[in-house]
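Colleague: Once you have looked at the hints, place chain V on chain Z.
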Amino acid sequence: MTRRISFLLFTAALLLTSGCKPLFEIRKAMYDQPKYEALEVSDFFGDRRSARPLIEGTVAQGQLRLDDHLYLALEEIDGDILQARTYPFEITMADLERGRERYDIYCSVCHGLSGHGEGMVVRRGYKAAPGYHSEKLRDMPPGYFYSVITNGYGQMSSYAAQIPVEDRWRITAYIQALQRSQFASIEDYEAVKARSSHDETLESPHEHH
Amino acid sequence: MLMSSQLFTSKHNTLARLTLLIFVLGGAGFLGLMDMIHRSPYVRYTKVRREQPVPFSHKHHSNLGIDCRYCHTSVEVSGFANIPPTQTCMNCHNVMWNESPMLEPVRESWATGESLEWTRVHDLPDFVYFNHAIHVNKGIGCATCHGRVDQMPLTWKEKPLYMKWCLECHRDPAANVRPKDKIFDMAFDPASLSREEREALVEEYGIDHADHRLTNCWICHR
Numbered sequence: 001m002t003r004r005i006s007f008l009l010f011t012a013a014l015l016l017t018s019g020c021k022p023l024f025e026i027r028k029a030m031y032d033q034p035k036y037e038a039l040e041v042s043d044f045f046g047d048r049r050s051a052r053p054l055i056e057g058t059v060a061q062g063q064l065r066l067d068d069h070l071y072l073a074l075e076e077i078d079g080d081i082l083q084a085r086t087y088p089f090e091i092t093m094a095d096l097e098r099g100r101e102r103y104d105i106y107c108s109v110c111h112g113l114s115g116h117g118e119g120m121v122v123r124r125g126y127k128a129a130p131g132y133h134s135e136k137l138r139d140m141p142p143g144y145f146y147s148v149i150t151n152g153y154g155q156m157s158s159y160a161a162q163i164p165v166e167d168r169w170r171i172t173a174y175i176q177a178l179q180r181s182q183f184a185s186i187e188d189y190e191a192v193k194a195r196s197s198h199d200e201t202l203e204s205p206h207e208h209h
Numbered sequence: 001m002l003m004s005s006q007l008f009t010s011k012h013n014t015l016a017r018l019t020l021l022i023f024v025l026g027g028a029g030f031l032g033l034m035d036m037i038h039r040s041p042y043v044r045y046t047k048v049r050r051e052q053p054v055p056f057s058h059k060h061h062s063n064l065g066i067d068c069r070y071c072h073t074s075v076e077v078s079g080f081a082n083i084p085p086t087q088t089c090m091n092c093h094n095v096m097w098n099e100s101p102m103l104e105p106v107r108e109s110w111a112t113g114e115s116l117e118w119t120r121v122h123d124l125p126d127f128v129y130f131n132h133a134i135h136v137n138k139g140i141g142c143a144t145c146h147g148r149v150d151q152m153p154l155t156w157k158e159k160p161l162y163m164k165w166c167l168e169c170h171r172d173p174a175a176n177v178r179p180k181d182k183i184f185d186m187a188f189d190p191a192s193l194s195r196e197e198r199e200a201l202v203e204e205y206g207i208d209h210a211d212h213r214l215t216n217c218w219i220c221h222r
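The listed protein sequences derive, respectively, from chains Z and V.
One point on numbering: in our numbering, the residue at position 8 of the first sequence is 8, and numbering is uninterrupted.
One point on numbering: in our numbering, the residue at position 189 of the second sequence is 189, and numbering is uninterrupted.
Bound conformation, chain V alone:
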């Protein structure tokens, strides 16, 4: 029989230290992993083509030269960039493709007056108050947040929309700001302007971030 004092030999010291280390590293690793999963495209649903009642293609419609605002009429004047009513679809599709089976739900909505139920692709948490108009009117283009929607056959979410991503721009608006006549120009790249030019635009538009106004909690959470 061993004495109790001999239960642990000197090698157990290392083992004990190793256990502690694994415990700490494992814990940190676990938290890190959770964070990675939380921010991952899998959880964020980025680049996932969402199923819709009608397989609407922004790419097809943009290629015709139709401006974003033809359908999203309220984007410059309202916090919410509207989904167009069925009437807007029927402006063209009363004549074009008016027997296409793919457009049957549109015609049905037109005939019955019932709304088409689109799947929301960009769904912010209810505690975030995003306003389209202020961004569009202060030099942030559609493509900055939505990506090249004009090249999407079926719409997906390009950016993860987590808070850090919002804050990156709110801390440094000059990174993404563009001239006002290029807001709806999907191909325009703000990086084609020099840093000084973009800082001049921030100044010109009165984007007030010097006193950290744009990173105050209440700017998005109310």
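The following block holds chain Z by itself, in its conformation from the complex:
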């Protein structure tokens, strides 16, 4: 009798432990394999990051960044190293469109879609962001805007982590286009009118939402 009871108990224990659990564990093991997904918590590293921060001063292949004009917005002008007054690459219409898109994503929240500094975050109480249409800012070279995006300015943080280098230049180009839009000369107007009537197939500028 005791033998039968102990057999039943043993079978029950077998079902409860080795019977069910491994099946469940096998399934789980496939779902959560011993590897890290992006940004997964790690119990191995002290700071619990599986995404390891780069050791300071690390330069990956192809990231030497020797082009001071492109990366630092510095240009040699009359023997002096100054803030770049030109763009490191030619700005095409496609670059300008991309600049608008990126501006609307990253800048308009504070500086406003038209660049008057009336962005929603400012309206909700952030420190007032400057508009781009003051005389001081209209006189600034492209390199100035690139540097502000890269390094931040006053209350504004650096956007270097969010916006790649080329896009910072494209945004700069779009800011300069915004500036010009507010102080367009009659010649600018005539030129735009002539071009749009000349080329009927020209794509209409898409609306801001």
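Just so you know, the hints here were simulated from the structure itself, not pulled from any lab data.
Please note: incorrect hints may appear among the correct ones.
[To be verified] Residues of chain V placed beyond 12 angstroms of chain Z at every Cβ, according to the derived structure:
| hint | residue |
| --- | --- |
| 1 | LEU33 |
| 2 | TRP97 |
| 3 | CYS145 |
[What the hints assert, rightly or not] Label-pair ranges, simulated between beta-carbon atoms:
| hint | chain 1 | residue 1 | chain 2 | residue 2 | range |
| --- | --- | --- | --- | --- | --- |
| 4 | Z | MET93 | V | GLU99 | 45 to 51 angstroms |
| 5 | Z | ASP78 | V | GLU108 | 46 to 52 angstroms |
| 6 | Z | ALA38 | V | SER194 | 34 to 40 angstroms |
| 7 | V | GLU51 | Z | ALA60 | 35 to 41 angstroms |
| 8 | V | ARG222 | Z | ASP67 | 33 to 39 angstroms |
| 9 | Z | ALA161 | V | SER194 | 39 to 45 angstroms |
This structure is a prediction, so every number in the text was calculated from the model and none was measured.
Glycine residues also receive a C-beta, built at the ideal position from the N, C-alpha and C atoms.
Modeller: Here is chain V on its own, set in the frame of chain Z:
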């Protein structure tokens, strides 16, 4: 005493057939039930607001007009749509709500350099290799898989993310494809386009599903 041949009367024939039927139906029913449970929102964790170290509201931030990409910067260029670093939060919250007790973990992370440990809402099995960039660049909008995140106070998983659900779209991408300038437009509904328009988009984007490429195992499992 009954003879052994009289143990079963003719009514037992019916009983035996019924038993067999119950056994088969019961077995199928049990399997069906298991499958239902397996696909149920209960197991899939859909529509469950997950607890987070900070009660972050996508709804609140979207209502300000902040684009998805302001924080999820890598979604167009990487398989992984990044969770923003604390720096991104601090772009605004160094000034706004900078004494709110709710944001204390953010400030602490900023001060100490330790990461905030968010709870993952969409966790695919490790044997599935999903790539955000290819979907976003080929006309699949955020809302198609994530639902109206812009209306979620606390984030939940809208879709079950099981394989059948993935395959529905991989078999027929024209069901969900949308114009490229509407990818991040959460309110846009692909059904507002005609079937022909959407098929034209599939063609235009070069979404190659004619040879069942998109339903090959290796497209997701590697």
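Colleague: The structure should be examined with respect to each hint, and the outcome stated for every one.
Modeller: Here is what the structure says about each hint:
A cut-off of 12 angstroms between C-beta atoms confirms that LEU33/V is not in contact with chain Z; the least separation is 18 angstroms. Separation of TRP97/V from chain Z is inadequate, the least Cβ-Cβ distance of about 9 angstroms not exceeding the 12 angstroms criterion. Every C-beta of chain Z lies more than 12 angstroms from that of CYS145/V, the closest at about 17 angstroms, which supports listing it as non-interface. Between MET93/Z and GLU99/V the Cβ separation comes to about 46 angstroms, which falls inside the hinted range of 45 to 51 angstroms.
One distance hint, 46 to 52 angstroms for the beta-carbon pair ASP78/Z and GLU108/V, holds here, with the actual separation near 50 angstroms. The given range of 34 to 40 angstroms is respected by ALA38/Z and SER194/V, whose C-beta atoms sit roughly 38 angstroms from each other. Distance hint for GLU51/V and ALA60/Z: a CB-CB separation of about 37 angstroms, consistent with the stated range 35 to 41 angstroms. In this structure the supplied range 33 to 39 angstroms holds for ARG222/V paired with ASP67/Z, their Cβ-Cβ distance being about 37 angstroms.
At roughly 42 angstroms, the beta-carbon separation of ALA161/Z and SER194/V lies within the given 39 to 45 angstroms, and the hint holds.
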